[in-house]
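Asker: Work out the full structure: start from the sequences and follow the hints.
Residue-level listing of the chains:
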Amino acid sequence: MSLRPATAEPRWLRTLLLAVTLLFLAAFLVTPLVAVFTEALRKGAGAYFAGFHDPAVRAAIRLTLLTAVIAVPVNVVFGLAAAWAVAKFEFPGKSLLTTLIDLPLAVSPVVSGLIYVLVFGLNGWLGPWLKAHDLQVIFAVPGIVLATVFVTLPFVARELIPLMQEQGTEDEESALTLGASGWQTFWRVTLPNVRWALLYGVILCNARAMGEFGAVSVVSGHIRGKTNTVPLQVEILYNEYNFVAAFAVASLLAMLALVTLAAKSFIEWRMTSAPASPAVPGDPT
Amino acid sequence: MRLPRRQHSVLPGFGLTLGFAVVYLSLVALIPMCALFLRARGLGWGGFWSTVTEPRVLAACRLSFGAAFIGASLNAVFGFVVAWTLVRYRFFGRRFIDAIIDLPFALPTAVSGIALTTIYAPNGWLGRALEPLGIKAVFTPLGVVIALTFIGLPFVVRTLQPALEDLEADVEEAAASLGASRTQTFRRVIFPAIIPSLLTGFALAFARALGEYGSVVFISGNLPGKTEIAPLLIVTQLEQYDYAGATAIAVLLLVISFAMLLVINALQRWSGRRHLRGV
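Read top to bottom, the protein sequences are chains A and B.
For the first sequence, this note's numbering begins at 22 and goes up steadily by one.
For the second sequence, this note's numbering begins at 536 and goes up steadily by one.
Hints in this document: simulated from the structure, not taken from any laboratory.
Model, not experiment: these values are computed from the prediction.
Be aware that one or more of the hints could be misleading.
Computed list of chain A residues with no C-beta within reach of chain B, every gap over 10 Å [to be verified]:
1. Leu62
2. Ala66
3. Ala77
4. Ile82
5. Arg83
6. Val90
7. Ala153
8. Leu156
9. Gly200
10. Arg216
11. Gly246
12. Ser294
Sample of chain B residues at the chain A side, in silico, Cβ under 7 Å [what the hints assert, rightly or not]:
13. Thr552
14. Phe555
15. Ala556
16. Tyr559
17. Thr620
18. Ala650
19. Leu651
20. Leu787
From the three backbone atoms N, C-alpha and C, an ideal C-beta is built for every residue, glycine too.
Answerer: Below, the structure is given as structure tokens:
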């Protein structure tokens, strides 16, 4: 008889837990993913690619790319600024600021869209002014970009803040003492120190920017070929019972999700296997 | 008069970065949110209350809360099993499984929505298995629960994993050498240590599920009073130009989101970790 360590579960229990895990994940995670590709290819490769010849689909892809190209860099700048202020300085209201940065994650996507309708919509605060100047935000591209910027606002900041807090200010102080300017310190010291976390934040931010549905749906107005992003185009095709095309377009987003997950795993591996900063002499840890 | 306390730092850029962050946050998030509250004030308390207590609104809120609670509870149970297996056991494909846990975050909600609907439809892969049992998932509250469980899983697993990894082996060894059975060790040593993280994960999953829209609208069928969730009701009222109704429900959801955020912050302080990777 083999002895099992006192701190391990009996074999039958281990097998049971493993089986529950695998079955649960297979049913809940793997099946939906496989279903997207199976449904997209149900009528063969020809039907699959035919979906992408639709001008409305192409317009949706262009709009989604445009939205991400604006929303991600803007939130990178915000994330770096917020992380610099929060991580390198002490000031009153700091924890309030970090809580507010997380707010868009807690708000329902639908509410995120609604707040912009209430500001920029015809009945909104700025509605009459915008109309007088012949500008349109809601049911137009600017509204879609704004709603996307809102929902993706936290992603870069919340990856950078904890890391930069952990790294402290010693590296930057040394650089400044050695005569580097503030910008040089930022570009040559801070940015290389946080590059993997920054990339991580960018990837999550981009995935959300390209995939956002609820918030964008509220502000878009669903004008075919004009204000439909890729997820909204998926909805329209699906509701028209054009299932093959809907899943074909959805498969693009699913591939984006897979690339995101792969990149995420790679960066996590890089971050954990990166050489730790040398221990401070006399520091017991 | 004293200036606000600020640690003397040789680093430059405090005013610039803080100023930019605060202005940006205000323009993008805080001022639009104020618009919502001001609009709600225009309704008056009476108007707000009569909107929120309409039977259709009440039914939608009941479904949203109930399904989010059931979904988060299911995730607490299965998420715990998944996290335990991933942290404690070594098996083939573990790294792959660990990576796909985040799929519900990465997959756009509209895609999850149509995929889940297809799978659980009566002729779908899993719906076919449920049909002989007389269980209908698509266009029923069960469908809502399924979507919300899907969306919430990573929250529980990702909060529990670091907590389980941090458990010191010698504490369990000590318990065992003092004569505790494995069950006793689990109940008295392991469980109390991870309960803050489990509750945090539950709260995160619940908060996310309350506001979820994309993955639910396809599978729920959106029957008013039956399978209509609160966020969808906001969209419906907006489409009918009922701004007052949409605003009232949105304020309700937003206040609950604020409250959940505070609860989650308190729970994270209790469990001693603020940062949650990948959420």
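Asker: None of the hints should be skipped; say for each whether it holds.
Answerer: Now for the hints, and whether the structure bears them out:
no. : hint   : in the structure
1   : Leu62  : 13 Å, holds
2   : Ala66  : 20 Å, holds
3   : Ala77  : 16 Å, holds
4   : Ile82  : 13 Å, holds
5   : Arg83  : 17 Å, holds
6   : Val90  : 17 Å, holds
7   : Ala153 : 19 Å, holds
8   : Leu156 : 17 Å, holds
9   : Gly200 : 13 Å, holds
10  : Arg216 : 17 Å, holds
11  : Gly246 : 18 Å, holds
12  : Ser294 : 14 Å, holds
13  : Thr552 : 4 Å, holds
14  : Phe555 : 5 Å, holds
15  : Ala556 : 4 Å, holds
16  : Tyr559 : 5 Å, holds
17  : Thr620 : 4 Å, holds
18  : Ala650 : 4 Å, holds
19  : Leu651 : 6 Å, holds
20  : Leu787 : 10 Å, violated
The structure shown violates just one earlier hint, number 20.
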